[in-house]
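Trainee: Residue numbers for the sequence shown follow my numbering, beginning at 11 and rising by one.
Mixed in with the good hints there might be a few duds.
Taking lysine to aspartate or glutamate pairs in the EDC-like style, the calculated list, with each CA pair at most 20 Å apart, reads [what the hints assert, rightly or not]: (1) K136 x D154; (2) K150 x D165; (3) K150 x D138; (4) K136 x D79.
Rather than coming from a laboratory, the hints here were simulated on the basis of the structure.
Please read these numbers as outputs of a predicted model, since none were measured by experiment.
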Amino acid sequence: MTEREQQILSWIQQNPMISQQELADLAGITRSGVAAHISNLIRKGYLRGKGYIVTPPSYVTVIGGISMDVLGIACGDLMDYTSNAAKVRYALGGVGRNIAVALERMNTRASLVSVYGGDHNGELFKIDASVNGLDIGYSKQLPDAMTASYMYVGDASGQ
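When you get a sec, could you build the whole thing from the sequences and use the hints?
Mentor: Printed below as a string of structure tokens:
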């Protein structure tokens with residue numbers, strides 16, 4: 011897309027009902043010049059046709075889990091039938107969530123379809139989704155449920 015096409019597309023996105031003459035006045039070019047740029051934007055798939063209906067951005071739908079991962083690494087040798095001192099780390103995870111976040115980091119829009127609880131971890135997930143730009147409009151928060159969790163316990167070497 012040329013810079014001029016990007017500029018015209020931006021004006022159309024701001025005001026889809028803008029006329030070609032108004033675009034020409036903004037761009038400082040002729041109306042027929044604007045018509046040629048609009049034709050190119052339609053041909054390239056950025057506009058769908060007259061009325062300047064903007065093509066929505068494409069996205070990937072990810073269907074999968076959300077969980078709070080709890081990782082415990084023992085500070086020494088693990089001992090059976092007693093408490094073991096450990097370093098514990100919490101991180102949001104789940105295969106679905108992790109894939110959706112990875113897609114967003116690669117500049118690919120992701121819509122995550124999942125379920126999560128109305129608990130503290132569910133609220134943390136909503137914040138995390140917002141920070142990472144995830145669309146969770148098709149995910150469902152179950153108010154009376156707990157968000158899934160995964161626990162890993164490893165010895166001092168992490169095994």
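Trainee: Of the hints stated earlier, which fail here?
Mentor: The structure conflicts with hint 2 only, although it agrees with all the remaining ones.
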